[in-house]
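Participant: The hints should help you fit chain L onto chain V, whose structure is shown.
Protein chains: 2
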Amino acid sequence: MQPRNIVIIGGVAAGMKTACRLRRLDANAEITVIDRTKNVSYGACPLPYYIEGLYDDLNEVRKTPVGVLRDETFFRNVKGFNTLTRVDATAIDREQRTVTTRHLDSNEKQCLNYDTLVMATGNTPIIPPLPGVELPGVLPLKTMEQAEQLNQLAETARHAVIVGGGLIGLEVAEALVKRGVHVTLLEMKDEVLASAMDFDCVAQVHQELRKNGVNLRLGEALQSIEGNGKVEQVITEQASYPADMVLLAIGVRPVTELAQAAGLEIGPTGAIAVDDQLRTSDPAIFAVGDCAETTDLLSGEKVYVPLGSTANKHGRVAANVICGHNDRFPGILGSLVVKVFDLNVARTGLSVEDANLLGIDFVSMIVSSPDIAHLYPGNKPIIIKLIAERSSRKLLGAQVVGPGVVDKRLDIIVAALSLGATVDQLAQFDLCYAPPFAGAMDALLQTANALRNKLDGLADSMSPAEAYQLHQQGEDVLMLDVRSPAENDEIRIPGTTLLPLGALRTKLDQLPKDKLIIPFCKLSLRGFEAQIILQQAGFTNVRYMEGGILAWPFELEQ
Amino acid sequence: MQPRNIVIIGGVAAGMKTACRLRRLDANAEITVIDRTKNVSYGACPLPYYIEGLYDDLNEVRKTPVGVLRDETFFRNVKGFNTLTRVDATAIDREQRTVTTRHLDSNEKQCLNYDTLVMATGNTPIIPPLPGVELPGVLPLKTMEQAEQLNQLAETARHAVIVGGGLIGLEVAEALVKRGVHVTLLEMKDEVLASAMDFDCVAQVHQELRKNGVNLRLGEALQSIEGNGKVEQVITEQASYPADMVLLAIGVRPVTELAQAAGLEIGPTGAIAVDDQLRTSDPAIFAVGDCAETTDLLSGEKVYVPLGSTANKHGRVAANVICGHNDRFPGILGSLVVKVFDLNVARTGLSVEDANLLGIDFVSMIVSSPDIAHLYPGNKPIIIKLIAERSSRKLLGAQVVGPGVVDKRLDIIVAALSLGATVDQLAQFDLCYAPPFAGAMDALLQTANALRNKLDGLADSMSPAEAYQLHQQGEDVLMLDVRSPAENDEIRIPGTTLLPLGALRTKLDQLPKDKLIIPFCKLSLRGFEAQIILQQAGFTNVRYMEGGILAWPFELEQ
Chain V
959 MQPRNIVIIG GVAAGMKTAC RLRRLDANAE ITVIDRTKNV SYGACPLPYY
1009 IEGLYDDLNE VRKTPVGVLR DETFFRNVKG FNTLTRVDAT AIDREQRTVT
1059 TRHLDSNEKQ CLNYDTLVMA TGNTPIIPPL PGVELPGVLP LKTMEQAEQL
1109 NQLAETARHA VIVGGGLIGL EVAEALVKRG VHVTLLEMKD EVLASAMDFD
1159 CVAQVHQELR KNGVNLRLGE ALQSIEGNGK VEQVITEQAS YPADMVLLAI
1209 GVRPVTELAQ AAGLEIGPTG AIAVDDQLRT SDPAIFAVGD CAETTDLLSG
1259 EKVYVPLGST ANKHGRVAAN VICGHNDRFP GILGSLVVKV FDLNVARTGL
1309 SVEDANLLGI DFVSMIVSSP DIAHLYPGNK PIIIKLIAER SSRKLLGAQV
1359 VGPGVVDKRL DIIVAALSLG ATVDQLAQFD LCYAPPFAGA MDALLQTANA
1409 LRNKLDGLAD SMSPAEAYQL HQQGEDVLML DVRSPAENDE IRIPGTTLLP
1459 LGALRTKLDQ LPKDKLIIPF CKLSLRGFEA QIILQQAGFT NVRYMEGGIL
1509 AWPFELEQ
Chain L
959 MQPRNIVIIG GVAAGMKTAC RLRRLDANAE ITVIDRTKNV SYGACPLPYY
1009 IEGLYDDLNE VRKTPVGVLR DETFFRNVKG FNTLTRVDAT AIDREQRTVT
1059 TRHLDSNEKQ CLNYDTLVMA TGNTPIIPPL PGVELPGVLP LKTMEQAEQL
1109 NQLAETARHA VIVGGGLIGL EVAEALVKRG VHVTLLEMKD EVLASAMDFD
1159 CVAQVHQELR KNGVNLRLGE ALQSIEGNGK VEQVITEQAS YPADMVLLAI
1209 GVRPVTELAQ AAGLEIGPTG AIAVDDQLRT SDPAIFAVGD CAETTDLLSG
1259 EKVYVPLGST ANKHGRVAAN VICGHNDRFP GILGSLVVKV FDLNVARTGL
1309 SVEDANLLGI DFVSMIVSSP DIAHLYPGNK PIIIKLIAER SSRKLLGAQV
1359 VGPGVVDKRL DIIVAALSLG ATVDQLAQFD LCYAPPFAGA MDALLQTANA
1409 LRNKLDGLAD SMSPAEAYQL HQQGEDVLML DVRSPAENDE IRIPGTTLLP
1459 LGALRTKLDQ LPKDKLIIPF CKLSLRGFEA QIILQQAGFT NVRYMEGGIL
1509 AWPFELEQ
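Residue numbers (my numbering), protein chains in the order written: chain V, 959 to 1516; chain L, 959 to 1516.
Next comes chain V alone, as it looks inside the complex (with noise of 0.2 Å):
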């Protein structure tokens, strides 16, 4: 039997991950990996933290755990494959099954028979078509050239205008405040992290921004950039920011102009279709990583998320499947998580929005606490919003925020997702515990259930945002504060009401029994309780404030 022969155009994750895979299912293929550039297997995702100055050596991105290059050699002597760097492809025969390609040094030109074809092409930075987009000092961040650009720029640059709120621009204005760069970061929408969360958790990385110094722009777009041989100021419609260097991150698309050339099926997101299997609309040509689109677990729907975990299991699937196993790749949940100066923030599945969107009928909660046991010292807040569908209890998605741990919590909410649990199922998990790890209760499973409260009716409550919109308009509500004087003194909401919990049995007589009351507190616990205390005592008006005044992402009175 002819061994089978493996083209795969593109050698990054997705690519390289496929094709070692092969090699270990099949001993006799035939595989061939092209790459454009001559770094392949990079990844890209540590990119930033090379220009924050967090490791030296730019090739660390090109390395295995134990510090071995991930070169053209290693893929042959060790993986047992073969390479071809600086080569493009050109063209795709379906019908004839080849593959032509293009040295981009020495313009030789081949043809590559295959028996299957991986396409592999990645994704590509969308550059605006601006004025000045071409002017020197003005990039993306992709490729290992592109971040060794930024550094040295970022050795002398006074001022940086990031363009775009996206992962890569969070991260990258951290590295370049952490450099000494005065930072402006432009975002056309009113928040960052372009709609992935809500804005009661969103609003506190806009706030953690703000705090490390960012000039944040919210709303307003790039127009053109302009200087004299090099960057020198960036002009949008409000204003003009001075400028020696601009990072141009408004989002990805995907590389797919040389399968739209062989006519294979591009799906509704821009990127290559494919079926849980990875494969395209031709059976002999799989499409893997982010250059192909996914499906969207939740909603069913497809969508265009590219991540290197992803890339990572695509390029799993898709070799099992060529050698004939069974194997499929269910798709995604929109998991991010992202390091924004202190505070780590994570999301998963449907946010309120996209919830609303689907017009599903949900119920949301938000809890404020401790990440582990609050008397072990280095306990730090987290913030946790979850989302569940009112009929079925089932979880919808999390947002997690705060300087604590939250990629543990929102880990365990994919896992929930995954598998289709409810919130009940949920606040029974029998989590580990010790106090160096979680308190007693974890604060997911405190979530829970508080979320179970609110489903069933015992608690009844609003997100901080819904609180700060009556109180805001003018509405006739008493945000009633149940901390303590000493907490009161250190920091508080703006025209609240003092009233301590443990004064509140014995002072009922002294709240209004027609104003809408919203109790409130640190954390949340005891605006809860100030709920069920009240509506005890017969008060029908009262809903806590979620999360607390750690959750309040306004202005606090110091």
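Because the hints were derived from the structure by calculation, they are not lab data.
Some clues are possibly wrong.
[As the list claims (entries may be wrong)] Stretch by stretch, here's where chain V covers chain L in the computed footprint (C-beta under 8 Å, at least three residues):
no., segment
1, 1006 to 1013
2, 1035 to 1042
3, 1330 to 1341
4, 1365 to 1378
5, 1481 to 1491
[To be verified] Here are some chain V residues the structure puts well away from chain L; computed CB gaps all over 10 Å:
no., residue
6, Lys1136
7, Gln1196
8, Gly1221
Note that beta-carbon positions come from the ideal geometry of N, C-alpha and C, so glycine has one too.
Facilitator: Relative to the frame of chain V, chain L by itself:
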């Protein structure tokens, strides 16, 4: 309607949680908590950290996250129920539905009526009936007073002996070492942590204890304690140890005397038998927390695992059920986490030993990996062991050990086990990814995939303990180190052969075809790769060593 009358015996975690929840659900109920001690509602789990000196005010263990002392006044004013301290429940009359009590100071007797009675009598340390256990300076750690006593003994003690290598023994060992006390830890069994973990994992704990100067004596039982007016030395069959203080930490038993006297059914574990709504054999009486048994979710067997996290869950379920709401406590997975010096140690579900006892046909896999992206500063190794049933591929349990983040991975498995996930489902979880939080393929997903490889017959492997045994028994095996010469120079397993992976494909003729070859590396990736290369080259007798040198809990040459 008469308000219902609820008496709760025991005012620590489970009792107080039940009372608080009851009040929230029912404004009118008469709720009385009685407790023998003065210090109600204290957390026992943080007591070792007081001895370690991580917080100064012992009352912290009775405070809310915002620093309010949870005393009788707090429970009356804030939570709205009565707490009777220094009051002992001496008898239950189930026909009359009364509890007889006696005040420990005034000797005053009282008879409390109940509609519903909740037993929350907790656990008590087991004191072995051996000579000298009554000597001053010999004590268990359960109460705040004992913590204070141990704290004071540690001031002047030079030598401490800890009897028992369970959670409390390990935590106090660390605390005392950090206080400058020389610690001998006696454990009757061959391993610490009471067989909760398999040897591969628990051996890491043994190493960590010894590395930190703990004189760990395994398989050595206490015979007697000697001293003149106070403890001076501890005698075992093998030796005697000087001791200025002795911690008795051989385990706890449920406090069931009152329940037994009242004729309530005691389960096979010795704890009060309850159904999944925490009802005892008398439907008017509930039992919650450390006096009640629970069900192992995987084996379906009744187990006794007293833990603060379970106690809190119990309280909520019991209160819900008492108030007529539908709720249930499904059971536990035996999840544990403990910090032992710089090692984090966690387990959940079934161990290999558990699975063997249950007659389950399983497959296990050990993988070592950095806990976050390997080029991000501060990354630390973790070792994950995953166990799955062979036929159904359902996950059965996990053990995670290392200086890195173990609790996150453990809790993801808790979620997966709670929902009956297969290892194939786990491998596709869309866990959140960014370099400060995880690798692109999180360590847990890597382990899942390695286990799938083993289930699918692609990976052929053995645990380090198995390799050690073969090696030790003088079997004719070739332990093949496929790391680099530099890595081998630094540290190596004695009696192994070096052949770097990069050279393996070209030097196959140097290897014997008739011997069992056990390739290994630092983690396990190259070991697996070597196994594949060798098998693809016609070697039929190859099994790589899981987890690599990092998971090797035996001697190494430097």
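Participant: Look at each hint and say if it fits the structure.
Facilitator: Here's how the hints hold up against the structure:
no.	hint	in the structure
1	1006 to 1013	holds (count 3)
2	1035 to 1042	holds (count 4)
3	1330 to 1341	holds (count 5)
4	1365 to 1378	holds (count 11)
5	1481 to 1491	holds (count 6)
6	Lys1136	13 Å, holds
7	Gln1196	31 Å, holds
8	Gly1221	30 Å, holds
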